[in-house]
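Enquirer: Sequence:
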Amino acid sequence: MRFLTSTVATAAVLAGFTAVPALAAPTAAAPAPAFTGLASPIAVELAAKLPEMRKVAADVQARLGLEEDPVRERILDVIDPTDYECSTATPPVVAAITADFASLTLDQKLASAYVLLFDLVMKDAVYFPQPAGKSTYGAQGTYTKQATDTFAGLRKFWDIKSNDIQLVPAHGRMLLDTARVTRVFTTLYGQPLDLSENTANFIKAQVTSTPLLKNGDFPAYTFNAYAFSTEGEPVPGIGNVPDKIVMGDGVLDGFGLVGLGDVTPQAILAHEFGHHIQYEDGLFDSTLPAPEATRRTELMADSFSAYFLTHVRGERMNFKRVQLFTAMFAQIGDCGFDAPGHHGTPNQRVRAALWGYGVSQAMWPRSLVLPSRVFAWLFEKQLPLLVAPDAPSDSAVLAAARQAAATVS
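Under mature numbering (1 follows the signal peptide of the UniProt record, and there is no 0), read the sequence shown as residues -24 to -1, 1 to 385, first letter to last.
No wet-lab data here; the hints were simulated from the structure. Accuracy of the hints is not assured; some may be wrong.
To be verified - The list that follows gives simulated cross-link-like pairs (lysine-lysine, DSS-like), each with its CA atoms no further than 27 Å apart:
id, residue 1, residue 2
1, K180, K31
2, K85, K180
3, K190, K121
4, K296, K137
5, K132, K121
6, K121, K110
7, K121, K357
8, K31, K110
9, K25, K110
10, K132, K25
11, K121, K137
12, K180, K25
13, K190, K85
Given only the sequences and the hints, what does the whole structure look like? Please build it.
Expert: What follows is the structure, encoded as structure tokens:
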């Protein structure tokens, strides 16, 4: 499973719960946060079990192959963060979707912590069949046409087998269906039925207790997108699951809050489709250590995305819109240089997208669509430039793109 946002970005969202600072590092066990004044016995029980449940979540993530290998000591020095310009300021989109966190009660924060820690909505969309009916994207369906049109365009544009990939929405209102929430806890995480049902009922009670949580359609709950493939292998405890791209409402609505809704559905879908190209073309194999290996595949997906978005046979976006989608990629970059899930700094993600745009503009004839393996080969040659300490200018990146295009035009 490949993620749009990194574990660092997820930690930034979790860190918005000021009353539960221990949740800022969800893959490691930590002392229980000091919840006092909880309103119900189940809330008290869930708060007490939080350290144990954090470990359960991490163990299951690893069993399902959703986490990179544990951080080894030698990885700590793989990437020297002192050589890179990387702001630790909260991205505007994260600030926008966490703006109301301080207004939540402790019970509401605790329920939200469980939703995020176990990624309940996204996991349901990935691993289980979804209710019948027309799929919509965005909590209000705002991005449905953009998403469905872009998905159809991607299938025609790229040369991989893609008719078996499903495009699936993840709606936070799923949290109101206690049977589905219980299924995630019991089937994926192996939790007892009675505890799972009580937790599901507690979560439903809390997300319906205040307009701020929007009956579950709170953007922070679904602020991600996944490209999922088991490459033909059954999922332990689940069985066969089809290839999917899962689009969380929250990542669409969240970027809409900061003025980027015009390009976000297309850019996110094209990025996740880029991961499916990597699955089909065998591009995940790498001898690089974990942070650099993940950064490589994420930046490649950014480049695949930008190439499609600006190609005359793709979305045909002009440079003004290029500036918008590079701003979006910048906000989901991270400074987690030693983390296995490092996706690249904001500047590196901008550079990778700008390079993809440059290739689409420099190709001749302009209508030529490069085979995906050829594009990936060109990207591999440019990767050292794209991840170099933050010196290369936009003009240098575009010049490199023109040179790359010239080698195959």
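Enquirer: Run every hint past the structure and note whether it holds.
Expert: Going through the hints against the structure:
1. Our distance criterion of 27 Å between C-alpha atoms is met by K180 and K31, whose separation comes to about 23 Å.
2. Between K85 and K180 the alpha-carbon distance is near 13 Å, which keeps this suggested pair within the 27 Å criterion.
3. Proximity of K190 to K121 is assessed by CA-CA distance (about 23 Å); at most 27 Å being required, the pair is judged to hold.
4. For a cut-off of 27 Å, the pair hint linking K296 to K137 is broken: about 32 Å separates their Cα positions.
5. Proposed proximity of K132 and K121 is supported: the alpha carbons are some 17 Å apart, at most 27 Å.
6. Taking the CA atoms of K121 and K110, the gap is about 12 Å. The hint holds against a cut of 27 Å.
7. For the proposed pair K121 and K357, the alpha carbon gap of about 36 Å is over 27 Å, so the pair is violated.
8. Using a Cα cut-off of 27 Å, the hinted pair K31 and K110 is violated, with the two alpha carbons roughly 37 Å apart.
9. Of the supplied pair hints, the one linking K25 and K110 is violated, its CA atoms being roughly 38 Å apart against a limit of 27 Å.
10. Straight-line distance between C-alpha atoms of K132 and K25 comes to about 49 Å, which puts the hinted pair past the 27 Å bound.
11. Straight-line distance between C-alpha atoms of K121 and K137 comes to about 23 Å, which keeps the hinted pair within the 27 Å bound.
12. Pair hint K180 plus K25 holds up; C-alpha atoms about 19 Å apart against a cutoff of 27 Å.
13. The straight-line distance between the Cα atoms of K190 and K85 is roughly 14 Å, inside the 27 Å bound, and the hint therefore holds.
In summary, the structure is inconsistent with hints 4, 7, 8, 9 and 10 from the numbered list given earlier, while agreeing with the others.
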